[in-house]
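**Student:** Protein chains in written order, with my numbering: chain H, 1 to 373; chain R, 1001 to 1373; chain W, 2001 to 2337; chain U, 3001 to 3337.
Worth flagging that the hints you see were computed from the coordinates, not collected in a lab.
Just so you know, even glycine gets a beta-carbon here, dropped at the ideal spot from N, CA and C.
Careful: at least some of the hints might be erroneous.
Which stretches of chain W does chain U cover? Using the computed rule of at least three CB atoms under 8 Å from a CB of chain U, they are [unchecked claim]:
no., stretch
1, 2076–2083
2, 2104–2117
Pulled a few chain U residues facing chain R out of the computed Cβ check, cut under 7 Å [stated by the list, open to error]:
no., residue
3, Leu3046
4, Glu3059
5, Ala3062
6, Asn3063
7, Pro3069
8, Ala3071
9, Ser3073
10, Glu3139
11, Asp3230
12, Glu3233
13, Val3308
14, Pro3311
15, Ser3312
16, Lys3314
17, Phe3318
Given next are the chains, with one letter for each unit.
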Amino acid sequence: MTIDVPTTGRSLPQLQPISFIGADGQPTDTPTEGLRIPSDATLIGLYRQMVLVRRFEAQVTHLTRQGRLATYPSAAGQEAAEVGATTALAPNDWLFPTYRDSAALLTRGVPVAEILAAFRGDWHCGFDPHEYHTSPAATPLATQTLHATGFAMSAKLKGEDAATLTFLGDGASSEGDTHEAFNFASVWQTPTVFVLQNNQYAISTPLREQTNATMLADRAAGYGMPGLRVDGNDVAAVFAAVSAALERGRGGDGPTLIECLTYRMESHTNSDDPTKYRDAEEVEHWTQFDPINRLEKYLRSTGALDDDGVTEIAEAAETLAETVRDAMNTEAEIDPRELFAHVYSRPRTAIVEQQQVLEAELAGAGFAAAGQA
Amino acid sequence: MTIDVPTTGRSLPQLQPISFIGADGQPTDTPTEGLRIPSDATLIGLYRQMVLVRRFEAQVTHLTRQGRLATYPSAAGQEAAEVGATTALAPNDWLFPTYRDSAALLTRGVPVAEILAAFRGDWHCGFDPHEYHTSPAATPLATQTLHATGFAMSAKLKGEDAATLTFLGDGASSEGDTHEAFNFASVWQTPTVFVLQNNQYAISTPLREQTNATMLADRAAGYGMPGLRVDGNDVAAVFAAVSAALERGRGGDGPTLIECLTYRMESHTNSDDPTKYRDAEEVEHWTQFDPINRLEKYLRSTGALDDDGVTEIAEAAETLAETVRDAMNTEAEIDPRELFAHVYSRPRTAIVEQQQVLEAELAGAGFAAAGQA
Amino acid sequence: MSVEAAPAPATAPTSVTMTKALNRALRDCLAEDDTVLVFGEDVGRLGGVFRVTEGLRAEFGANRVWDSPLAESGIIGTAIGMAMNGMRPVVEMQFDAYAYPAFEQIVSHVAKMRNRTKGRISLPITIRIPYAGDIGGVEHHSDSSEAYWTSTPGLTVLTPSNPADAYSLLRESIASDDPVVFMEPKSRYWMKETLSLPVTTAPMDRAQVIREGTDATLLAYGPTVRTALDSAEAGAEHGLSIEVIDLRTLSPFDDETVSASVRKTSRAAIIHEAAQFGGYGAEVAARLTERNFTYLSAPILRITGFDVPYPSPKLEEFYLPTVERVLDALESWDWEL
Amino acid sequence: MSVEAAPAPATAPTSVTMTKALNRALRDCLAEDDTVLVFGEDVGRLGGVFRVTEGLRAEFGANRVWDSPLAESGIIGTAIGMAMNGMRPVVEMQFDAYAYPAFEQIVSHVAKMRNRTKGRISLPITIRIPYAGDIGGVEHHSDSSEAYWTSTPGLTVLTPSNPADAYSLLRESIASDDPVVFMEPKSRYWMKETLSLPVTTAPMDRAQVIREGTDATLLAYGPTVRTALDSAEAGAEHGLSIEVIDLRTLSPFDDETVSASVRKTSRAAIIHEAAQFGGYGAEVAARLTERNFTYLSAPILRITGFDVPYPSPKLEEFYLPTVERVLDALESWDWEL
Ligand SMILES: Cc1ncc(C[n+]2csc(CCOP(=O)(O)OP(=O)(O)O)c2C)c(N)n1
Ligand SMILES: Cc1ncc(C[n+]2csc(CCOP(=O)(O)OP(=O)(O)O)c2C)c(N)n1
Ligand SMILES: [Mg+2]
Ligand SMILES: [Mg+2]
């Protein structure tokens, strides 16, 4: 039978997650598929950003409990995946984040108040996507994987030197859109990197009820796309794998799926009660794999980091926390008429009329107001 | 890292399609994954049914060109997949076919007029699904894969000794529903067999623009589900593989994906013009892999079939063709009031009123009729 | 499968939230009919993000109540297969914008299977959808999607506004041989009522006059029933006698009850959270006008959300139809008091 | 990317089908603006199952016009990403029931991205959807899905009824910075008109009075415009002077043009193929009544398909609104001729 199908890249990822720095802060001897550990300078930067991000998550979670934000999904525990992947992006690349990825937005340079506008309830997306080359964080699961694929396709068609990176969760991997994105990206050979943060839970649903596969990275083979399983708590491994994948993409070799094994240390959002579905021991168990501790140990062992460095970074984190508090204690000015301002690029008469209804209400001109007077 | 995921069944299917009887009618030496060639008695039955099916498809296509049917998608060339898979079903199993699978319906025992009712435009589904343990043929692509999965799940929950089989195409494999069905079936370990008829085209779109994978069966690994690639024009291989997969399912070992490599010899439907997207040589090329010729050669070589047998079966096929002609030359009685009869199980006042509107129109009681009188 | 006789013990009247009433309805259905299955995202261990399925997995086991993989089309599609095999699946779409991935399965199959098969296959599926806003939800968590379902022939669409109806209508949905889209108003989930369960309220195809009046009729459903009642109360202070109808069932529409009221009062308005253009209120206004034109002394008004996407929490109060907006609308009528 | 100056050469008047007009519009847009991309199922080599994209791949190459994998959510989702990057994708949903798998992408993203980002990201996507029946199509090939799109804020919904509008409106859609659901009436695809292309008809937010009259107004769009005109003709034989309006744009609704007509005639009916309950006609009837109540001498009527799933070919003629059904409806008005 002569059927014309590609026969390249047909293999399953290695079982052992790629890792440079073990949970004990020591170099591992895991095979790393030709990837190289980032320089100490890069690692210091990643360390610093992870510390900032962790402080950020803690501060926002705290403010949310105090009622300053409507809701907040923290990525505490997932700093290596968030920071490692996002830092690998070039400025021209585009990021397609989800609701879980405020840490990535922070890493991308989006100002705190603009990141949190959505969770405080000011506006759906608080920042200018064009300014940060970053899409609004998607809430409908997996939908953004297709946006990232389409964006990358157009970059390829236009000959732009840009790749796209999208985050998705283990839960989102079950959605049809994820499949369609993997397939479109691979058929079109778009420069797209799918960073699947496998944090073991989709709200309360554990991984083993989400998939029967050995690993989610095994999906890649079915699309003729390279797939990697990475220790998602080793920022060195995440950064190296994502950098290489972005490079591959920009070089015209198509998409990559990178599964980052990690763990959601906090509840799903502040309104979740994780005691219903997982026990404290499991969470405790994962503290030993902490991404920041291990990198600190490692960098101290190479001499790249010392007490002063750690202190300086911790102080920067406190400054950031203060910025967060300030930002959340300053109310945003929101004009109710903006309800109508951005729906269409051209004015619609019927919407102008509705705006007038609201303006009359606000002016207290109505029957109700008259009655109350 | 201790993460609780299954580690079974992690391999990619063998590259060479499983096949017992080669295109030349000789036994092959392809590895067959522990499957065994069906008995001559079974093969004769399969041969007979393939001949009937081919005559059926030819007759219906002919009648469609004459305008007796609104549209018709023929599975000519795919008889081995249609017949091999369907024959493997036990009476208690359920079949979930698509628009392309009239041959399967015929094999399942659905009367000709009831199969063709949908294409003649009499009613959406012409047969009683419960009577034939066969779902209405699905037109929205891939949706039926989920129905087959859910049905199998309930059979499992009820402790029924039944499996489900669903057909899908290479095109349909790109839909999100296919992914969700593979995943649900494997997580729930339902007795479901997915028979993917890879006939190289989705209307005009060739396989290489549908997937970048080496083969569609490679998808299975990503779900922790066994996947097989079968010579879809070798009915012995299809029957053996599907029988084993159904057995596996009924035994509690979950779903299987079976990719049948085959070719759509006819146009997509009668309104399609395949010269726009494939050349005559390609079609010609595939005639050498014909499923019926090779089996006839093989059975003659084993002595199981002779001229008399072939003639008898050819005559049965002519009788079937006559049945088809008779059925399509008899107009079905359709009462326009049935428009309203089956939408809900309980009457709705507003629909009763609408029925009265139609009845008045039919009685010629309206203004228009008055005007014409 | 047999139906087990496990009659639900009646409870003494207690204060019951809507979530609790829904939970009890599911429990009683699971106990009485072993073809009832409950599955969806996080409905098992967690008991659902709104706790509507709390405790059910523990009581009935993971073969009756379980967490599915995260895929809404998968949930509805597999429910279809189960229903074809004689089961009565009750599935949850976690928030109503998250029913959209299942749109094709709902519209092309759930709604059409019975008609397609000449009544040979019914699909007794209940699709529970928490909907509407006023809970400070972030984007996609406050949609009112009822118009998509009500404009699809083949679906029955219910929405309770109070705990008693929540219990009774959910039980009726699950017992129904036809598929039901059961829309639960999120902002009323924590509403309490003193009730003894089980309770049977009016049947599911009937609207209910919940306040009598003579000057005008306010029509509402789900989250806006409270708004309508408050508006009637406020209207009374202006000397207006306002009738309030809780529609309860959006499809079919109870023409009889509503038309009778409108003929009596000669004025009506429909209140809903969804945007106005093409919203459910359009059908209500159009059919009431068709059927009662000569009785009307004013057009049927629609007091609704604006024709914009549902806003973020800080702007909700300006978007949602308020008592004020209702009163302003009443004022627009040319009263001859 | 730059806009190439490749002005479309005007042709001498010839007989043009709607498919040809659409094809030419796509061609001219592709030639003039290299950010325009055309992709979808079978739109490349085959030129689409209705031949609307015929020849485009050959002329512009597979980097501008190509066949995508078979997945509608994938098509819309990737079009969103391309539009975010400055492109103007024109995608085809092969039949309208096959837009449903893309429902979430259309409703939750295409419609909302601009508002979500305070206008910073516009999505100039044109979603072409062949729709409606009367072509003897098997199940799912004859749906009229316009109500789903018109009840979604953020979308613009157009539907031409003739070749000239097909050309002009499609060009406007592609040029529009807002996403457009462009609904092509299948049964009119082969309708011919003598035209010289390019042609510019009325702008896309205007309805058009296509026959003047004084006794009543018939509103129609897409496939039912022909029915409305034929009914007006038949009405004339009964001594009725009937005005006919082709709505062209379903969202936004051209209140000005239509209300003016209704105020003049005092009676109106809307004709569409979709089921009545919750159909687009409900919005039309509701808003015309709100705005013109005192001018109406009869309720706005809806002459539509029945509230059942679209039937198979042999029953189409009983389901679809016919001239007869329109005339019966006219008769129901209490004429004082
Ligand atoms: C289409 C859709 N369905 C359901 C939801 C509700 N929901 C929000 S987060 C979530 C779990 C997601 O899990 P995962 O993808 O693993 O990401 P994580 O939250 O763990 O980062 C669910 C079900 C949603 N946002 N979108
Ligand atoms: C959801 C959906 N999208 C589009 C179509 C239109 N359509 C009908 S058949 C077909 C091609 C299907 O190809 P494949 O799955 O390979 O099956 P085959 O026709 O080759 O048997 C398409 C696009 C459809 N029926 N359903
Ligand atoms: Mg997760
Ligand atoms: Mg095919």
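**Student:** Now, for every hint given, state plainly whether the structure supports it.
**Tutor:** Each hint, compared with the structure:
no., hint, result
1, 2076–2083, "violated (count 0)"
2, 2104–2117, "holds (count 7)"
3, Leu3046, "holds, 4 Å"
4, Glu3059, "violated, 15 Å"
5, Ala3062, "violated, 10 Å"
6, Asn3063, "violated, 14 Å"
7, Pro3069, "holds, 4 Å"
8, Ala3071, "holds, 5 Å"
9, Ser3073, "holds, 6 Å"
10, Glu3139, "holds, 4 Å"
11, Asp3230, "violated, 11 Å"
12, Glu3233, "violated, 12 Å"
13, Val3308, "holds, 5 Å"
14, Pro3311, "holds, 6 Å"
15, Ser3312, "holds, 5 Å"
16, Lys3314, "holds, 5 Å"
17, Phe3318, "holds, 4 Å"
When each numbered hint is compared with the structure, violations occur for hints 1, 4, 5, 6, 11 and 12.
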